[in-house]
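Heads up: the sequence lines are chains H and B, in that order. Here the first sequence stands for residues 1 to 215, numbered as in my numbering. Here the second sequence stands for residues 1 to 215, numbered as in my numbering.
FYI, nobody ran anything at the bench for these hints, they're computed from the structure. Check the hints yourself; a few may be wrong.
Any copy, or any two copies together, can satisfy a pair, since identical chains are not distinguished.
Derived pair list, reagent style EDC-like, types lysine to aspartate or glutamate, alpha-carbon separation capped at 16 Å [what the hints assert, rightly or not]: (1) LYS28 with ASP79; (2) LYS31 with GLU207; (3) LYS192 with ASP79.
There are 2 protein chains.
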Amino acid sequence: MKTLNRTANFYDVIRERRSVRLYDPSVKITKEEIKELLGEAILAPSGTNLNPWRFMVFTEPAIKEKLLPMASGQQQVVDASAVIVVLGDMNAYTVENADKINQRAVDAGYMPEEIKDRINNSVQDYYGSVSEQIKKEWQMLDGGLVAMQLMLAAKARGYDTVPMLGYNIEEFRKEFNVPEKLVNILMIAVGKAREPGFPSVRLGVDEVTYWNGNL
Amino acid sequence: MKTLNRTANFYDVIRERRSVRLYDPSVKITKEEIKELLGEAILAPSGTNLNPWRFMVFTEPAIKEKLLPMASGQQQVVDASAVIVVLGDMNAYTVENADKINQRAVDAGYMPEEIKDRINNSVQDYYGSVSEQIKKEWQMLDGGLVAMQLMLAAKARGYDTVPMLGYNIEEFRKEFNVPEKLVNILMIAVGKAREPGFPSVRLGVDEVTYWNGNL
Chain H
1 MKTLNRTANF YDVIRERRSV RLYDPSVKIT KEEIKELLGE AILAPSGTNL NPWRFMVFTE
61 PAIKEKLLPM ASGQQQVVDA SAVIVVLGDM NAYTVENADK INQRAVDAGY MPEEIKDRIN
121 NSVQDYYGSV SEQIKKEWQM LDGGLVAMQL MLAAKARGYD TVPMLGYNIE EFRKEFNVPE
181 KLVNILMIAV GKAREPGFPS VRLGVDEVTY WNGNL
Chain B
1 MKTLNRTANF YDVIRERRSV RLYDPSVKIT KEEIKELLGE AILAPSGTNL NPWRFMVFTE
61 PAIKEKLLPM ASGQQQVVDA SAVIVVLGDM NAYTVENADK INQRAVDAGY MPEEIKDRIN
121 NSVQDYYGSV SEQIKKEWQM LDGGLVAMQL MLAAKARGYD TVPMLGYNIE EFRKEFNVPE
181 KLVNILMIAV GKAREPGFPS VRLGVDEVTY WNGNL
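Extracted from the complex, chain H is given alone in its bound form (with noise of 0.2 Å):
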């Protein structure tokens, strides 16, 4: 597969990822490599496979601007290459998207009809039982997944990402006319820096764990 055909040390991806608030704003990526960057991110794995998760992304610069006030004036709106925010389908947990996405499984040799069948009945019933509450909740944690996923593989592609939770959400959907069936998740600036990002501290593994039962 052309896009994964390409090397980088999970380890220094990992370690090297921080929160980058300063972009260089003369960097562009192309629409072909965003794209590419947003087949890696989509590897991950999400409730039922049903692939809840959208995207808008952002790259004109005139488009971008319209970003700055929503996000109380965050210049990386701005600067950054592009401005990814995640959204999340709540008709993803219908019968209908399941068997579009499974049929495709089917028919690629991957999955017996029968277990397709399975999978319908059961996001029937266990999807079709739960309030738009905790559908919301899911797609806050599938988006989670595919958001670190995407900002993992920017880094791997030597771009810089911050999570940006800080925007207007109200203001975004108005301005953009987002249907009410996609739920803002996260927005993500993703570029070079132009200044590299703080490093930062974490609680100790001790300090959050818990073994085998002993809370």
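Could you slot chain B onto chain H? The hints should help.
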């Protein structure tokens, strides 16, 4: 840093990671290696770097057996070398926690004292004013980020994983006396595949991507 002095091709890792449900029960992973793995996972970012993630790790056979009925008899919770339940600490979204983490950044010379104070104030304003429901959604997002990095880090070490939502959270919480402040995010089985995972399909990038505000 010892734990990162290793190599693995990032592109192999993201391409070869698949959800695996059949594990070799004879494979043990040492506590030391699980701690290294978690140390790699928590290099992931989190909202305001509040590190809300917590991990309940199950490796003892007798304790893993307790998970079996909660997980509708899915054998991977017993056969996998470890089951890691990712949780989120709702108390992470407090000034106390922000100050604890950022004081360490100040002490390490990564952060000026006045930035720490400014973050404390913004945590007070930002997290102090939102509902528990929104915080839960942020937990799911932050949990998704760290869970993805955990699954990739496991693959980089040659282990397989499967993310699981299909277990009874109420029974789990009762059995292990999980305090209210910890919310369940995702269960992940980690081990060596007895049989390879199935290949799977994804919606195409063009089906899930919108450019420059055109939905």
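Going down the list of hints, with the structure as the test:
1. In this homomeric assembly, LYS28 and ASP79 come within 16 Å of each other (Cα to Cα) only inside a single copy, at 10 Å, whereas the closest approach across copies is 48 Å.
2. In this assembly of identical chains, the alpha carbons of LYS31 and GLU207 lie at most 16 Å apart only when taken from different copies (15 Å versus 43 Å within one copy).
3. With identical chains, the CA atoms of LYS192 and ASP79 are at most 16 Å apart within one copy only, with a shortest distance of 9 Å there and 44 Å across copies.
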